[in-house]
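Chemist: Protein chains in written order, with our numbering: chain G, 1 to 332; chain S, 1 to 381; chain H, 1 to 429; chain B, 1 to 516.
One should not assume that every hint holds.
Straight-line C-alpha distance at most 20 Å; calculated SDA-like pairs for lysine to any residue [said to hold, decoys possible]:
no., chain 1, residue 1, chain 2, residue 2
1, B, LYS197, B, ARG224
2, G, LYS258, H, GLN95
3, S, LYS236, B, LEU408
4, S, LYS253, B, LYS280
5, B, LYS280, B, LYS431
6, G, LYS319, G, GLY286
7, G, LYS331, S, PHE327
8, B, LYS431, B, GLU311
9, G, LYS175, G, LYS277
10, S, LYS253, H, LEU413
11, G, LYS277, G, LYS257
12, G, LYS64, S, PHE327
13, G, LYS178, G, LEU28
14, B, LYS118, H, SER171
15, G, LYS313, G, VAL177
16, B, LYS280, B, SER307
17, S, LYS304, B, ASP143
18, G, LYS146, G, LYS175
19, G, LYS277, G, LEU28
20, G, LYS64, S, THR168
21, G, LYS331, S, THR168
22, H, LYS417, S, ARG171
23, B, LYS129, B, GLN96
24, G, LYS331, S, ASP329
25, G, LYS252, H, GLN95
26, B, LYS129, H, PHE228
27, G, LYS29, S, ASP329
28, G, LYS284, G, LYS175
29, B, LYS209, B, ARG167
30, G, LYS257, H, SER171
31, G, LYS182, H, PHE228
32, G, LYS294, G, PHE306
33, H, LYS417, B, LYS431
34, H, LYS417, B, ALA235
35, B, LYS431, B, ASP155
Please keep in mind that the hints were generated in silico from the structure rather than gathered at the bench.
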Amino acid sequence: ACGGGSGDSGASTETQGASSEAPKAAGLKIGLAFDVGGRGDKSFNDSAYAGLERAQKELGAEIKDLSPAADGSNRGDLLRQLANAGYNPIIGVGFAYGEDIKAAATEYPDIQFAVVDSASNAPNVTGLLFAEEQGSYLAGVAAADKSKSSHLGFVGGVENDLIKKFQAGFEAGAKSVKSDIKIDVKYLTPDGDFSGFKAPDKGKIAAEKMYQDGADIVYHASGDSGLGVFQAAAAAGKQAIGVDSDQYETVKEADLKKVIMTSMIKRVDVGVFEFIKAFQGGAKGGSNTVYDLKVDGVGLSTSGGFIDDVAAKVDEAKKKIVDGSVTVPAKP
Amino acid sequence: MMPARLQRTLLTLAGAAVAVLLAVAISSVAILAAEASPITALEAMFDFGDTQAQVATAVAFILNRAVPLFIAGLAVAIGFRMNLFNIGIEGQYRIAAIVAAFVGSQFVLPGPIQITLIVVVAMLVGGLYALIPAVLKVTRGVNEVISTIMLNYIAINLAAFLVRGPFTGEREAGQLTTSTPQLPESAWFPNLNFLFEMFGLPAPRGGLWGFLTVAILVGVIIWVVLERTRFGFELKASGLNASAALASGVNPKRMVISAMVLSGAIAGLIGMPEILGRTHAYGSNFTAGLGFLGIAVALLGRNKPVGIAVAALLFGFLDRAAAPLQFADIPPSVIAIIQGTIVLLVVIANEITSRMSMRQEERRAARQLDTTSQAQAEVAA
Amino acid sequence: MTTSVAASEARRVRRYHLALIGVALLILLLSLARVVADAPDLTSSGTFAAALLLAVPIALAGLGGLWAERAGIVNIGLEGMMVLGTWFAGWAGYQWGAAAALIAGLIGGALGGLIHAIATVSFGVDHIISGVAINLLGPGVTRFLSEVLYAQGTPAAEKGAGITTSPTLASEAPSVSLPLLSDGPDLLGKLESTHWFLISDVAGILRGLTHDVNVLVILAVALIPLTFFVLWRTAFGLRLRSCGENPWAAESLGVNVYLTKYVATVISGALAGLGGVFLVFVTTKYVEGQTAGRGFIGLAAMIFGNWRPGGLAAGASLFGYADGLQLRSSQAVTGLLLFGALLLLIYTGAEVRRRLAAGEPGVRQYTGAVAASLAAIVLLWLWMTVDKLPNEFVFITPHVLTLLVLSAASQSLRMPKADGVRYRRGEQH
Amino acid sequence: MSTSSDTLAAAPPAVELEGITKRFPGVVANHDIRIAVEPGTVHAIVGENGAGKSTLMKILYGMQRPDEGRIRVHGEDVNFRTPSDAIAAGIGMVHQHFMLADYLTVLENIVLGAEPGKGGLLDTAGARKRINQLAESHGLRVDPDRIVEDLGVGDRQRVEILKVLYRGARILILDEPTAVLVPQEVDELFANLRELKAEGLTVIFISHKLDEVLSIADAITVIRRGTTVAAVDPASVTARQLAELMVGSELPTPETRESTVTDRVVLDVRDVTVQRGAAKPLLEDVSFPVRAGEVVGIAGVEGNGQSELIEAIMGLQTLSRGRIVLGEDDITTWSTLRRREAGIGYIPEDRHRQGLLLEAPLWENRVLGHQTREPARKGIWVNRTASRKDTERIVAEYDVRTPSIDTLALALSGGNQQKLIVGREMSGAPKFLIAAHPTRGVDVGAQAAIWDHLRTARAAGLAVLLISADLDELIGLSDSLHVIYSGRMVARLDPSQVTPEQLGGYMTGAIAEEQS
Ligand SMILES: Nc1ncnc2c1ncn2[C@@H]1O[C@H](COP(=O)(O)OP(=O)(O)OP(=O)(O)O)[C@@H](O)[C@H]1O
Ligand SMILES: Nc1ncnc2c1ncn2[C@@H]1O[C@H](COP(=O)(O)OP(=O)(O)OP(=O)(O)O)[C@@H](O)[C@H]1O
Ligand SMILES: [Mg+2]
Ligand SMILES: [Mg+2]
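Okay, chain G solo, but in the shape it has when bound (with noise of 0.2 Å):
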């Protein structure tokens, strides 16, 4: 549970229509752990899976994915009883991993394992980490361009240092805009208690009491929480940002898909795939791979044409980040 949004599909039906002849690997045997919520959760872990279904289509990978007991005891259990079973490359979804990959690391170190959201810390671990911070970044900017009320909300659903490279980066892209420009912020739960993640009830009064105070525009980074966000935003008549993935697809009421301006994707499909095919051509951990604006692993969704005409905005900024002129922090 990592601060996902609600969907894979924006994300697996663009990968498949991206499909390409791969050459057919014998005996590529991948292996992915989720983090706790598992397979199914049409977040953080779909999205995962749908990168390696990718890879079981284009690269013919033999493919396992295991889900974690709910109180995520049991995480170096399953890196291990994979390696037993022979999978190469292991995948461990989520910072949670950071820990338990180390250990199967240095007990496996002719597999290669990758984790998502935590940076490499064995020779034989490739760290997946995403700018979620330069994502959210463009997603201020498209806000603070697009409210008339010079007032947005972030709501976080559990007050981890992950979520908080969302807000931060949405910060610092408002500000770029107008410098004065009001944010009010409110996370659901500590961290480690999760639950801030499966509460849209409690989204829900957060974000309209934003709406009352005058935000016009609310992003939210807190999974399934995000739901009662929107539906704060249609019921105040305001707009919302979704996470992760384009919830403007995922989300099937029509009341609330025109509410969503935009979303900040984070593929970590594409990481996923990316890693694997890496793998296949022989690379090895040790090192991390960033998932930034530049090679388009965070971005905006477009879907609905809302922010449509502050497009160009949007671009600039993605481009000044591009081109190293404006660092985007992470922590606010």
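Position chains S, H and B with the ligands against the provided structure of chain G, taking the given hints into account.
Modeler: Just chains S, H and B with the ligands now, kept in the frame of chain G:
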């Protein structure tokens, strides 16, 4: 008479066995409903791997999982013995873990001393945190169920505050988990891999946490305390009949406080195996929920240390099956169903068997009464 | 005898008036704190709407607990039953709409209650053990069902289900507002936005409680007096309560104790399930883990409320209010400090006056007052110096408040006498 | 043997029990019982403890089902599955132990199961009216709106009878209704019963108190060891004869032979006052000494402060005023434990509530209250070997009938449980013993044994405070007798001079105090 006691034990065991079988049968129905084969599921559960190393790893996993569950069960059982419902184990072990992990990282001493100090701090903090509901109950009559529920939430927040604030440690670049500073190596509890080597097995991966020894020691101590000491007797008496205990000079307030504090102190140990044996710090990935599982384990083990140990091993065994079941394409949540039904059915079986043996005992008592009165009648005549 | 009836009647009237005066005083203080601390959220309609939203599932779980415990069955399995309620509501709701969700959620919770009844009533299992087992089973079973029914490739998954969520409900439960006052011309809303002392506060509170209210909220709120009515004013209620007080006496008078306990426990489960349905209605779908311990909080609210519907409602409201407040505004939480200080000052004043009037000179008699005024000073100081509490301390506002109120209110809680007692037909205590 | 055969022709008996047999695991509670109860009479059933009286009545009331036998009510065969069947047949029962929900009101207790009103609604006003009517017409006055918890025993008894009358029962079963009543209340009850009888109701009445039985009953059935041994006419039998029928031996008497009172004061209670809140004191200025070798009896209607007095001496109740001195020591502020260690023994009034761990084996019950003393303790440990050995001793000396000391206490009969408690409290050479209702609900054999033990200990210098509802026991055992009324000691009497009736007069406040 010994045979009566033996009979009681045998009856209990038979009941438990039947209950476990029944639970497996019920879960099999669920597995069938999921269009999978219960046989495959059973095979997966008992499949510890092909190589000796894998078997060793599996056994170590079960034991490593069982240790904190066992300690949690003990902590719960102490309160339960006197009908004190400490739902707050969850919060107590979290606060104890973070404070102990932080304190332990602040100095370096020879291993045994360092570890002892950390363990003592954990017990102290756990005990102190449990003192709050105890004092509220004794002085203000606040029901411990509510206060401990509230204190659990407070503990989560307090720990979150501490770990990102005053107690936060250095982090590797790119690591998103927050944690306390790493413990020095002297605080790393040596593992027990040599046990496997003694049996000619390879060392398990991940290692068998050395805290197992402490858990066994604590188990023995708790058993002795509960079954053999005056304190244990007073605890039992308070639980069986509070007003009789009161009239017998047992101070109920002192019992509430000492049972709660002891329970909290033991709870303080729950996080130690993981912190001293694996993570060497308290972080945002800290395993939560052991306090609640501890309640199930304690109840399954009938609040007795040996029973709790068996129950903890059973839970450990089932939890290990999560991965193999998924390899066999069976939904792993079957495990939760098995655990729930086992708890329920074993307890029902307990109830039935204990009623059976009690009835037997009454019959014997009545028979005795009959024979003596007959004998007397004969003497009188 | 008639005099005593009159006396008890008078007592009731007095208590009722006292409660009214107490509420009025609280609102006055809140509005004072609102003005002084400049924390409009203390009495805003938004806060009270949020409080209602958050209090309802807790109150429903608490009502579930009340029904069971009044019949002598301790129900710690409310959480598990609530989880069952959410899952079944989501599952039926996405296929057949809100009404089906309501029924399915009720049935799901009731099933949990039935298991609890079988274990505790028929087999005499310790109530706590059975409850703990249900708390294990609830999430396990629902997760399993999701894994089977919502897996990829299933029809549900096509409609947007995942293993942690159901598809969206096919239809939503309607909401209503009070015409004129909180809708349309929205007179209360207008009054609220004037920010007049007291008047806007009352308007805000009323509007929060009447604007855009889900029908299930109305049902839930109605269930509180209804529960009181059924349990205290009907024959069935008397029988039910007698099972919680002295089942042997009930049995000896021809009450079918087993049946009554079964009915009570199943209703208890159904009410917890209804709490789950409400959560699903709010989120428009089932989300795994959305109960987030509310079953336990409900249990706490029930104990807080002294095993009575009114008290339970007060406990749930307190919790819901504090939670809503903290979700909306950290600044308002600091405003609560001021409110607390005011309350303590009033308490001190009343205490000193009473002691003086009683002519008690002892120093020890004043310790309470002294402690209260000290605490008031600390709170005032905190209010003036702290401008932003760490979020973690904001999150725990409802829990701390519950604890404080419980420890401050001198305890005269009295649970049903045979609550949690194993009852076997024909056996006597 | 029977006088009822003459009337048999006129009307069928109200109740006829034929060949009733009921077996419990290991016990035959009833065996081939035969009783015929004539309508409009008071029919007494007597028998020693455990004879099977209550079981028989529970069978008649549908609470238990007989293994064999037939029941006929007004000549018709009946087959009761539950009490409601019996209630429907016009039978009502007042149980040996009160069957009241303490936290409910009198009204709620009375109407429970037969609630008036339409559509499930409780018609409280109607019920109140009917109860008041019933209460008026039978002289059973209680306030329907009071909480039962606040009522005294006499009131509770009346509530129980009202419960039965409210259901329109024509046949009343009263299982030991007088055990907890003082003579005046018994007279009142009997007046009520006669009135009911006059109205044509049938009463089945169970009691151990044979004088009472002789004064009220129109017919008597004697049960011994679960079977009917005789049906007698009260007019032609004496109490002594009845008793011999019951037990097959002579009645024991609690007469104390010669005085063993010394001058040494062991326990001195001085001006003890207990007050909770602003209410009337529960105990007010109570003072009396207890000397070595002396039995001081406390007589009083239950609820007049006896429990508080016991609790005050045991340290379970804080004093508002006054002191308690044990030997040389002022023990007013001592904990219960310290008092016990200093040599206070305690036979509690309710053995199940305060005296035993029912689910623990006998030897652990031996440890209870002695957990800090030899032989039960060794350092911080419970001395299991010594405790077990000493339990064996008690079992032998006090004739506790049990298969072993590992038997759970709940498996023992009440009398044997009581003997175990007496043995436990006598061990460790106590200086002072509180004996609260030491023989309540204990059969004659065990009663005699317990009295013997008390006498022996008294002769050895033990100081005893005896609280009992059994006035014969009080008069017979005590060296001096105090009457407690409404929390105050109202009279000090000489047990050799006083009659139970006089005593009852003081206890109910009917005779005002002259001097103390
Ligand atoms: N439910 C039961 N299970 C087992 N044995 C029982 C049960 N009820 C009664 N007994 C036994 O049946 C016998 C008769 O008991 P009962 O209560 O009828 O005696 P009683 O004549 O009413 O005695 P008392 O004068 O003490 O009231 C006793 O030996 C008792 O041990
Ligand atoms: N419901 C019951 N189930 C099993 N055994 C019972 C039951 N009721 C009574 N007994 C048995 O009956 C015996 C004595 O019980 P009973 O209540 O008749 O004793 P008693 O002499 O009347 O003492 P007391 O006054 O304490 O009730 C014991 O052996 C007890 O185990
Ligand atoms: Mg009896
Ligand atoms: Mg009897």
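Chemist: Against this structure, judge whether each hint is valid.
Modeler: Checked hints:
1. About 27 Å separates the Cα atoms of LYS197/B and ARG224/B, which puts this hinted pair outside 20 Å; it is violated.
2. Distance restraint check for LYS258/G and GLN95/H: the Cα-Cα separation of roughly 24 Å exceeds the 20 Å cut-off, and the hinted pair is therefore not satisfied.
3. Distance restraint check for LYS236/S and LEU408/B: the Cα-Cα separation of roughly 14 Å lies within the 20 Å cut-off, and the hinted pair is therefore satisfied.
4. Taken as a hint, the LYS253/S and LYS280/B pair is broken in the structure, with Cα atoms around 28 Å apart against an allowance of 20 Å.
5. In summary, the hint linking LYS280/B to LYS431/B is not supported, as the alpha carbons are separated by about 33 Å, beyond the 20 Å threshold.
6. At most 20 Å may separate the alpha-carbon atoms for a hinted pair to count; LYS319/G and GLY286/G exceed this at roughly 29 Å.
7. Between the alpha carbons of LYS331/G and PHE327/S the distance comes to roughly 40 Å, so the proposed pair goes past 20 Å and is violated.
8. Distance hint between LYS431/B and GLU311/B is fulfilled; the C-alpha atoms sit about 18 Å from each other, no more than 20 Å.
9. Of the pairs offered as hints, the one joining LYS175/G and LYS277/G is violated, with about 39 Å between alpha carbons and a cut-off of 20 Å exceeded.
10. With a C-alpha separation of about 18 Å, the suggested pair LYS253/S and LEU413/H falls inside the 20 Å cut-off, and the hint holds.
11. For the hint linking LYS277/G to LYS257/G, the alpha-carbon distance of about 35 Å lies beyond 20 Å, and the restraint is violated.
12. For the hint linking LYS64/G to PHE327/S, the alpha-carbon distance of about 8 Å falls within 20 Å, and the restraint holds.
13. A distance of roughly 51 Å separates the Cα atoms of LYS178/G and LEU28/G; the hinted pair therefore is violated under the 20 Å criterion.
14. Between LYS118/B and SER171/H the CA atoms are separated by roughly 39 Å; this puts the pair beyond 20 Å, and the hint is violated.
15. Of the supplied pair hints, the one linking LYS313/G and VAL177/G holds, its CA atoms being roughly 9 Å apart against a limit of 20 Å.
16. Annotation: proposed proximity of LYS280/B to SER307/B holds, straight-line Cα distance about 16 Å (limit 20 Å).
17. Distance check on the hinted pair: LYS304/S and ASP143/B sit about 50 Å apart at the alpha-carbon level, beyond 20 Å; violated.
18. Annotation: proposed proximity of LYS146/G to LYS175/G holds, straight-line Cα distance about 13 Å (limit 20 Å).
19. Restraint check: the Cα-Cα separation between LYS277/G and LEU28/G comes to about 11 Å, which is no more than 20 Å; the hinted pair holds.
20. With a C-alpha separation of about 37 Å, the suggested pairing of LYS64/G with THR168/S is violated against the 20 Å cut-off.
21. Taken as a hint, the LYS331/G and THR168/S pair is honoured in the structure, with Cα atoms around 16 Å apart against an allowance of 20 Å.
22. Simply put, LYS417/H and ARG171/S have alpha-carbon atoms about 55 Å apart, too far for the 20 Å limit, and the pair is violated.
23. Of the pairs offered as hints, the one joining LYS129/B and GLN96/B is violated, with about 28 Å between alpha carbons and a cut-off of 20 Å exceeded.
24. A hinted pair counts as satisfied when its Cα atoms are at most 20 Å apart, and LYS331/G with ASP329/S does not qualify at roughly 41 Å.
25. Pair hint LYS252/G plus GLN95/H holds up; C-alpha atoms about 15 Å apart against a cutoff of 20 Å.
26. Distance hint between LYS129/B and PHE228/H is unfulfilled; the C-alpha atoms sit about 24 Å from each other, more than 20 Å.
27. Among the hinted pairs, LYS29/G with ASP329/S is consistent with the structure: their alpha-carbon atoms are about 17 Å apart, no more than 20 Å.
28. This hinted pair does not check out: LYS284/G and LYS175/G have alpha carbons roughly 40 Å apart, beyond 20 Å.
29. Annotation: proposed proximity of LYS209/B to ARG167/B is violated, straight-line Cα distance about 28 Å (limit 20 Å).
30. Taking the CA atoms of LYS257/G and SER171/H, the gap is about 17 Å. The hint holds against a cut of 20 Å.
31. Distance hint between LYS182/G and PHE228/H is unfulfilled; the C-alpha atoms sit about 48 Å from each other, more than 20 Å.
32. Between LYS294/G and PHE306/G the CA atoms are separated by roughly 23 Å; this puts the pair beyond 20 Å, and the hint is violated.
33. Among the hinted pairs, LYS417/H with LYS431/B is inconsistent with the structure: their alpha-carbon atoms are about 38 Å apart, more than 20 Å.
34. For the proposed pair LYS417/H and ALA235/B, the alpha carbon gap of about 46 Å is over 20 Å, so the pair is violated.
35. At roughly 38 Å between alpha-carbon atoms, LYS431/B and ASP155/B are farther apart than 20 Å, so this suggested pair is violated.
In summary, the structure is inconsistent with hints 1, 2, 4, 5, 6, 7, 9, 11, 13, 14, 17, 20, 22, 23, 24, 26, 28, 29, 31, 32, 33, 34, 35 from the numbered list given earlier, while agreeing with the others.
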